[in-house]
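Novice: Respectively, the protein sequence lines represent chains A and B. Sequential numbering from 1 applies to the first sequence in the working numbering. Sequential numbering from 538 applies to the second sequence in the working numbering.
These are calculated hints, taken from the structure and not from any lab test. Glycine included, each C-beta is placed from N, C-alpha and C at the ideal position. Don't take every hint at face value.
Simulated crosslink set (PhoX-like; lysine-lysine; CA at most 25 angstroms straight-line) [claimed, not checked]:
no.: 1; chain 1: B; residue 1: K813; chain 2: A; residue 2: K90
no.: 2; chain 1: A; residue 1: K146; chain 2: B; residue 2: K818
no.: 3; chain 1: B; residue 1: K818; chain 2: A; residue 2: K85
no.: 4; chain 1: B; residue 1: K610; chain 2: A; residue 2: K78
no.: 5; chain 1: A; residue 1: K90; chain 2: B; residue 2: K610
no.: 6; chain 1: A; residue 1: K89; chain 2: B; residue 2: K835
no.: 7; chain 1: A; residue 1: K85; chain 2: B; residue 2: K610
no.: 8; chain 1: A; residue 1: K89; chain 2: B; residue 2: K813
no.: 9; chain 1: B; residue 1: K787; chain 2: A; residue 2: K146
no.: 10; chain 1: A; residue 1: K84; chain 2: B; residue 2: K818
no.: 11; chain 1: B; residue 1: K787; chain 2: B; residue 2: K610
Computed list of chain A residues with no C-beta within reach of chain B, every gap over 12 angstroms [stated by the list, open to error]:
no.: 12; residue: E33
no.: 13; residue: L40
no.: 14; residue: E241
no.: 15; residue: I250
no.: 16; residue: A323
no.: 17; residue: A374
no.: 18; residue: M401
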Amino acid sequence: MKAARRPSDLAARSERLCHIEPGDMVPLPPPYEDFNRVTLPLLKPERVKGIETSLDDTVAIGIPRPASREEEDLLVRKFLSGLKKLFEKKNNWTFLQPLLLSMEHCARCQTCADACPVYEMSGRQEIYRPIFRSEVLRRIYRKYVKPGGRIAAKWNGDIDLNWTTVARLAELSYRCTLCRRCASVCPIGVDNGLITHEIRKLFSQEMGIAPKELHEKGTVQHLRVGSSTGMNPLAAKDNVEFIQEEMEEIAGFKVEIPWDREGADILLIHNAGEMLAWPENVGAFAILFQAAGLSWTLSSEAVGYDAVNYGLWYDDVQFSRVAVKHADIARRLNVRKIVMGECGHAHKALTVTADRLLTGDLNVPRESAMVTLADIVSSGRLSLNPRRNPFPVTLHDPCNMVRSMGIVEPQRRILRAVAPRFREMTPHGVDNYCCGGGSGFAIMSGYNFADWRNLVSSRRKFLQILDAFADEPPEAPKYVCAPCSNCKGAIRDMIGYYHGEERSGLYYGGLVELIVNAMSDMKKPIIQFDGKSSWES
Amino acid sequence: MGYYVLSYVCMAMFVLASVRLVYRQWTLPLHVRWEIYPVRHETTARVAYGGSYMEEINWWSRKRESSLVNELKYMVPEILFLRGLWKANRGLWLASFPFHFGLYLMIATFGGLTLHAALSLWGAPVSAGGGLLRSLLDGFVVAAGWLGLVLGSLGGLALMTKRLLDREWRDYSSPADFFNLGFVLAFFLSALAAALVVDPWFTGAKGFVCGLLAGGDAPPRTALGALTIVLGSLLVAWIPLTHMSHMFMKYFLYHQVKWDEAPNRRGGRIEAAVRKNLDLKPTWQAAHVRADGCTSWKDIASSTPGETK
Ligand code: SF4
Ligand code: SF4
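Put together the whole structure using the sequences plus the hints.
Specialist: Following this line, the structure appears as structure tokens:
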């Protein structure tokens, strides 16, 4: 097995380009030293038969290996035709300017490398270096797309283009969480996360290659069935009815969750995953909006009850379809604004990225729930007793909400009001580290990808969480507040993987739960630690 | 005369290539938003932690505040002193700052020489009463010139050493990267040698720039002077053809991507540009896209996906 050193190594055929040995990764502190001897479980040969596995120890997409040389050549030609389209106005107006600028001005100064949690935590595996994949794309583009490129290739940096290069590049585009921490430190402004995004797009939009969790089970299912969870409108309504009953138990009063109320001020859109995995989050929103006297509604129309937009991570066409659907539902309901529930990528997708897609009356104002909630809390409309949250709390900043949107302070204003033992992670805010589940990783678990996520991409966040609670006794319950469903999923998985609940008393949840937990008029706590009331912890 | 012609041609090439680069940026379609916070023209309160106008309740109904002063407070130290690099990569800053500052001082020296030449040629009345101005200018040219040459040479040597010896750098450097850095370094070293050996007071340089303005034909008097003129001229033409154009293209990376958070208002300029983009007709081939080259983005975005396989 030959370790990759240079971008050109991507083209050299070998069984595996990168392998992480036990002990390569950044070590974990006690009581987690046993994980320092752990590495990725081997891919089971029978499961990866006929699948491209030559990049590293895991598989995100599972691209079928071409059956013949002719098929390989055809796929390489398709890749090249897609690559050309990335640089055409009609095909890529969405990102043409940022892509060109990032492709042409990297000084290869390596400042970005130290900012990347995946690269750092993996033990600085060369293929995970932020500019490794950018440099591969740059070289292919210069050599095979630009006029005279083959003649100048030795001069500009050479690379061979074959099926191995293409297949590995596709997989490699799913070893970066698009957290854009690298871009925020680049002195020139080059964005390696963006280049990764464009590589994913090329594969999806030209070759139909994308992880099934994002495409078939993601955006396609979202648009056809109504939600990427597979829940149709009827199932969503059933679930919410159940949530409503649960909330009445906790609140001790009637909780209303309105559907399809035309002319309401607010259309609230949740990540539908909350309805299934964290129903208390959906319920807590209802309790708060009701207590604050807001005029609001959910939509039961397909797509309208699921805020996710996985297209943001891999496909502009699917992204546009979902965003237009969300906006159109709000337009027809004639609401004053859309409020995005606790889902970071959904925030960025509809509020920021789709801002230059929605025109006329589709351009319905969009607001972050962090802002709406901070307004409710600071308005004095709730009777709050922060002593009901006596446990230590830290806050995870979702990259899409913070670095990509500048929504930083509202959630902190809330925590300062409801969680007296709140402490920051280091670093935090716009300098935060990704949970490791960014850009779709939280929902991708085929083959052994979940192990890769827990061991490599989530490792930095796990260390940060341990560090934030370092001054607390291990047995005391601690709350990691993550106001984003995908981050919550990644944090749930990392706590489970490392036995964080048993060894460090780690629990996690959203922000609204903390607010409701501090409301004086609640009959029962909405937050429980291992089945026990959080009010007495 | 040949030296002057070379300099004129190279300067013209610089202008043409730079205008082409900038023109290309201005004519690209408006892209979707992809900003990164902190956005430096935010208000003082928000820029301190990287907040945005979207932190305000009903932000669209409020007047959007922005601050040019905050932007300048960031940009000036960034451009002059590479502040971002100082914070994120101090080791590299020690080499990169002198290199870049040396280049800036070269530009400043050329500016001083040009002003000096203009005064000498057309400013007789000014200079007659302007002995002090003339002395200041002379002093500036010599100080900026020497400092720039020393810093640029040291920084260039340090960067070249890093590129050659540090594996992380070497493995990502192409022959073109070595050539580009070597080119700038060769200019610095030859100009430093010329200053040391033959022109410590920049008298020869003044004469040459005077000739440039007056269309003169006096050739450089020394081989080192001639080499510096040739290398300097070619470098000026070469920079916009390489990634070194980041010196000025950084403007677009920052202002048109990283800090471009202008919201789309109904009936506004951004909306008009978006409508134009939505009329474009893509040709992506994957089945789910359903592009045929005749259907617009607008229609595709309002449709359901085609077969996925
Ligand atoms: S992306 Fe930026 S920080 Fe990274 S190597 Fe290129 S110029 Fe340097
Ligand atoms: S976007 Fe994040 S994960 Fe991807 S290369 Fe940059 S820092 Fe690393």
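Novice: All the hints need checking, so say for each whether the structure fits it.
Specialist: Here is what the structure says about each hint:
Taking the CA atoms of B:K813 and A:K90, the gap is near 11 angstroms; set against the 25 angstroms cutoff, the hint holds. The suggested pairing of A:K146 with B:K818 holds, with an alpha-carbon distance near 23 angstroms, which does not exceed 25 angstroms. For the suggested pair B:K818 and A:K85, the alpha carbons sit about 12 angstroms apart, so the restraint of at most 25 angstroms is met. Our distance criterion of 25 angstroms between C-alpha atoms is broken by B:K610 and A:K78, whose separation comes to about 48 angstroms.
A hinted pair counts as satisfied when its Cα atoms are at most 25 angstroms apart, and A:K90 with B:K610 does not qualify at roughly 38 angstroms. Restraint check: the Cα-Cα separation between A:K89 and B:K835 comes to about 15 angstroms, which is no more than 25 angstroms; the hinted pair holds. Pair hint A:K85 plus B:K610 does not hold up; C-alpha atoms about 39 angstroms apart against a cutoff of 25 angstroms. Taken as a hint, the A:K89 and B:K813 pair is honoured in the structure, with Cα atoms around 11 angstroms apart against an allowance of 25 angstroms.
Restraint check for B:K787 and A:K146: the C-alpha separation of about 23 angstroms stays at or below 25 angstroms, so the hint holds. Distance hint between A:K84 and B:K818 is fulfilled; the C-alpha atoms sit about 15 angstroms from each other, no more than 25 angstroms. Proposed proximity of B:K787 and B:K610 is supported: the alpha carbons are some 17 angstroms apart, at most 25 angstroms. Distance to chain B confirms A:E33 as a non-interface residue, since its nearest Cβ pair spans about 30 angstroms, more than 12 angstroms.
Residue placement check: A:L40 keeps its beta carbon more than 12 angstroms from all beta carbons of chain B (closest about 25 angstroms). Non-interface call for A:E241 relative to chain B: holds, since the shortest CB-CB distance, roughly 28 angstroms, exceeds 12 angstroms. In this structure A:I250 is separated from chain B by more than 12 angstroms, as the shortest Cβ-Cβ distance comes to about 27 angstroms. A Cβ of chain B approaches the Cβ of A:A323 within 12 angstroms, the least distance being about 8 angstroms, so the stated non-interface status is violated.
Some Cβ of chain B comes within 12 angstroms of the Cβ of A:A374; the nearest lies about 8 angstroms off, and the non-interface call is violated. A beta-carbon of chain B comes within 12 angstroms of the beta-carbon of A:M401; the shortest separation is about 10 angstroms.
Against the hints set out earlier in the document, violations occur for numbers 4, 5, 7, 16, 17 and 18.
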